[in-house]
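**Q** All chains, full assembly: derive it from the sequences and hints.
Top to bottom, those sequences are chains A, B and C. Residue numbering for the first sequence follows the working numbering, beginning at 399 and increasing consecutively. Residue numbering for the second sequence follows the working numbering, beginning at 566 and increasing consecutively. Residue numbering for the third sequence follows the working numbering, beginning at 0 and increasing consecutively.
Among the hints, erroneous ones may be present.
[What the hints assert, rightly or not] In silico DSSO-like cross-links for lysine-lysine, where the CA-CA straight-line distance does not exceed 30 Å:
# : chain 1 : residue 1 : chain 2 : residue 2
1 : A       : 491       : B       : 650
2 : B       : 615       : A       : 470
3 : A       : 469       : B       : 650
4 : B       : 615       : C       : 23
5 : A       : 470       : B       : 650
6 : B       : 615       : C       : 138
Think of the hints as simulated: they come from the structure by calculation, not from any bench.
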Amino acid sequence: MVRVKSRYLLCEVNVSNRSSLLHLDDRAVAAAVKAAVARTHGDYGAALCSIRFCVKYLNAHTGIVLLRFPKKFYRLLWSALPFITGIETRGQKIPCFLNCLHVGGTIRTCQKFLIQYNKHQLHQMLPKCKNKEEKNEVRRAILSCSLTGEKMGLKGEESEEERANT
Amino acid sequence: MPFPSFRKALWWSGPVAPAGRSWLLFYGGIRRMNGAKKSHESDYQRVVLKNSSPYHYMKVSLELEDESTKVSAVELKHFIITGLKSLFGEVGAALDFDVLKYSEDTRTAFLRVPSRGLVNLWSSLTLLGSYQSQACAFRVLQVSSFLLPLTGNSRELLLD
Amino acid sequence: VMVSVSRPPRSVLVCDSSTFLHEKNRVTTQVEQLHFNYKVSLLLPECSSAPSHLDGVLNGFSSFYLIRNLPIYELLDRDFLQSAVFQGSVYGLSYRTRIDEDNCVALMPDGHLVLSLDKDSFEVLGVEGKPSRFNHRTKSRFVVSVDLCDGSMAPGGRGYQRLHTGLRSRLQMKADFLLSHHPGGGASLQALLSRYDWSEHRPAVSSRTLTDLSCPTLLTSDLQPRDSHSVLEWLGAVDAAITEDGGELRSEPDQVSWSRPAAVPGVFSGAPSHLCLPVRRRHLEQPRLASWASLTVHGFADSPVCWGRDEHGALKVGENFYSLLMFQDHSYQLYLAAGAHDSCPP
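**A** Set out below in structure tokens:
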């Protein structure tokens, strides 16, 4: 079996004002990445960016982005990501930078890493809560948030991907 | 300064005394000049170097629609950098190639480029299509991993 | 991350260092493997006056002939074979044919006729050959190499007839042809020349004096192979008269060094190894600051053969040249370079 190999870059979008994350959509992120690649690597880079590059997943609440690059050129395209200083969406520019958390060969490994990473973050954040009420609020927030739906979405995409690959 | 880094490579072509010093430094005193005479029997050394050339050299000429246009060496280098930048972006424009020799009359230049950047430079030269809003083309006359062959191209032999 | 689209063409450089006093030194045999020489250049550092003692040698290159529109089968002419080829030392090469697009012919001094043909011509010719090494996958170019001195190629024999009719009536190949002979053998070519439009050419000797060139006086036989690229670059820069910007490198008045590069373009044929000895004898034996001299010989880029009978191609980099550095203590450094696909020099 031969399959087209890709690299998935799991990045987080760092912004000063978290509420502006909600304005993000995958088209805006893709455009920002393309613009940065075109600036640092010129027409050649821009052309590479049009081969199987896409924003696979965007969580506007947590600011997590999953980018897919062809395996052959992912290092070159990756090198342009630090040059992103802002993402333009709906007429306004959100100043931000991308922080790459993980590079994986499949969406599944990226998802595993993301769960691990979030768990770790939670473990770090919980002790910082000042009183019980805050803790409870965090717990309630976790339980009530639509993470299951998001997860389902991610799962669905992944199985679709796998079906396409096999 | 059209040839910024060429002097660096020819570090031993300086005046006699400093060149001598640097040469000895280079050898770290392992062997003194005019030192022990080598025996004639044992020394035969053969080394084959493959793809070891740090630079590649290109002989290119710029063809313009209007033959009377003057292009100086600095303008030529800037033009080539523009081409690199449009094809390979800011990273590509950082390629440290040198214009070793340039003749304004024939618009022919000797370029020196680090080997890993040869294909980048060559492809961007190919795609340069207009100079100051007139059609132009770079003709790559010769490419070599040494500088010597550029002065001895048998295709220039004219017997008429 | 440097964007590297693909790797640069392959290159091979052989560095030999030994001494002329060594009984088994191979410098002459190595150098004679490059048959078709286009240009010879000589650099004599610290040489203030014209090298009168070298004039004789520099002008001693024999002249060569350019024959217009020579049908290649004429090279198989019985009389020509008898009087010239079988005696050895005839050099022939098609002129202004490009190895990457045209059919090229070379007649070597040992009696080999080498044809580098495109696929159509090869099939029309109908003589045994083998696919070129450079595009063996697509098989778009073929090399036919025939030993004219071999018994099977004796005039009138089957092999001879096949090649002769192939060249004469099937392929009907014609080319401008360069022909040369060892000194004194010019008469044997007259019969062939008389039938076609030809002209005689002599290599043009040019020399200049570089006053401000500071030679690396300490260039000795201690040179390491890792320095070879800088040595060749320096020689190339002198040869191409590349000037450095700014005047800081000018020598002090009392240290003015004179160097004489002499170039002989359009030499064609034969190894100029006869230059080595006079240079060593007359130039290097005088006490000088710079105790070395260099001899560079460029081969023809479009010759179908390079080192020995190895195939030569010029797809990207068609260089074949050597550079000989001779030192006062009779040691030498020989740099042999081969192009992108050529086999390793001897």
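**Q** Check the structure against each numbered hint from earlier and tell me which ones fail, lowest number first.
**A** As far as the earlier hints go, not one is violated by this structure.
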